[in-house]
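*Asks:* Given the coordinates of chain A, assemble chain B onto it according to the supplied hints.
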Amino acid sequence: MVLLALGPSAAAQAQAQSTKQTSGSDQIDVALPATTTPEITAAQAGDGVLLAAADRVELASSLAEATSESGVCFGYVVQLSDSGVPQQDAVSSAGPNQRAATGPSCPKGAIELQVSLTYTCGSCESEDSASWSVVSTVPGLSSGTVRSRLVQLSPLSSGDLLGNDDDKALRDATAALPLTLDDAVPAEPAKQEAAPGGDHLTGKPGSDWLRANGIGMAVSIVVLLIALATVFCAWRIRRAQRTAPRRSANGRFAAAPARPATPATATSDAPAADAPPTGGPPSDASSDAPPTDEPPSSPTPPTA
Amino acid sequence: MSATGKSTTALVIGAIVAVVALVVLVGTLSSCGSSVKGYVKDHYSHVGKRNGAELYRSDKRVEKVVSEITDAWKPADRLTDPGGVFLRYSDTFVAVRPRSGGGTDIEIDDPERGYAHWYPFVGGWFGTYSGRAEGFRGGGPGSGK
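Protein chains in written order, with the UniProt record's numbering: chain A, 1 to 304; chain B, 1 to 145.
Hints listed in this document are in silico derivations from the structure and should not be mistaken for laboratory results. Do not rely on the hints blindly, as some may be mistaken.
BS3-like cross-link-like pairs, simulated, lysine-lysine; straight-line CA separation at most 30 Å [said to hold, decoys possible]:
| # | chain 1 | residue 1 | chain 2 | residue 2 |
| --- | --- | --- | --- | --- |
| 1 | B | 37 | B | 60 |
| 2 | A | 108 | B | 74 |
| 3 | A | 204 | B | 64 |
| 4 | B | 74 | B | 64 |
| 5 | B | 74 | B | 60 |
| 6 | B | 37 | A | 191 |
| 7 | A | 191 | B | 60 |
| 8 | B | 49 | A | 204 |
| 9 | B | 6 | B | 41 |
| 10 | A | 191 | B | 64 |
| 11 | B | 37 | B | 74 |
| 12 | B | 64 | B | 37 |
| 13 | B | 49 | B | 64 |
| 14 | B | 37 | B | 6 |
| 15 | A | 108 | B | 60 |
| 16 | B | 41 | B | 60 |
| 17 | B | 64 | B | 41 |
| 18 | B | 37 | A | 108 |
| 19 | A | 191 | B | 41 |
| 20 | A | 204 | B | 6 |
| 21 | B | 49 | A | 108 |
| 22 | B | 37 | B | 49 |
| 23 | B | 41 | A | 108 |
| 24 | B | 6 | A | 191 |
Please read all numbers here as calculations on a predicted model, not as lab measurements.
Only chain A is shown next, with the shape it has when bound in the complex (with noise of 0.2 Å):
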């Protein structure tokens, strides 16, 4: 069993209230002990819509902390619809199970997300859908302001509180709320050289390069592979244009670019008849002349 303990501040204000174990469908008190460090245990806190139970018991603690060092109360509400019965989860300063609210703990105010999830059967027409909006009470913080500043400390759509790490999004989002104070309180390092007990990171990340522009450098190439194929396909197309021999209006190939007479075509007495379409000056009666293998028309109609 995870067994995790909130910080001596959050114990300060556990003290003087109760926590709700969601077991089931029954809700139960749980009554913090008043005069020792209260210890909340996963299996207390219980499972939430989005984040599990020691996760949420450590949100809480990492937002009591902040209370105590701003007097904000800081928490999440989530409302889930889907074909079932529907479900309320959330979690605050004051606790998992307890809603971030306004009172003698939180003499500053409170900064509250509020998610809603609807769910839809896998049969259903309509999709899955989220939407999340920030309510502040803080004086001189509006909550425009507060989703402002959340918005860019970390983004949170729709997609993310649908997808795969929809809870590391929703505790992410909401322990940002603290950050987004105007007198926000720094995190503190550790003064050691190595993680305690032999711990390191894990995972190898790619190219930062690659991430950052690997995107970009794709589409650019694809794009200018697209149009290298379109000029090269227009310009095919222009030259056969020039080459290939045109019609007149009436029908009649008209004569084609000025081409140098071969000098055995300028000093042949062939017929003009025997001379290639596209040979001769336009000028020349005889360039008009149709292949052999088409019958001579006349410019003029017989006369009666």
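*Replies:* Just chain B now, with coordinates in the frame of chain A:
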């Protein structure tokens, strides 16, 4: 429009698009060799070292700095905490946190030492974690839930 006109139009448009794509491609390739370290160095004021990490400073709010850095260099992993935002890159660990009194501190560290410095916050998310709550956190980039 005649066939000749169409082919001419396609030729001109294709050439223009090709030139633009080539310029974009060359511009992208010219950034090869740069890094998030270089970006932070170029855009924020260096104020010294702290615990072996390079410390930079900005008068902007923390969310603005985070947005600027992550827009320029997408991190492999990120974690938001009430006290700051931690970004993991292939060979760099970046901690962005608010300054008391306004502005933002940016710390650039190597990954392992950064993991050690910020272990109370990122332990278990970016790597192994033998402290409390072991087993439910993440395990590095791409590990998912």
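*Asks:* Against the structure shown, which of the earlier numbered hints fail to hold, in ascending order?
*Replies:* Hints 2, 9, 14, 18, 20, 21, 23 and 24 are the ones this structure does not satisfy, whereas the remaining hints hold.
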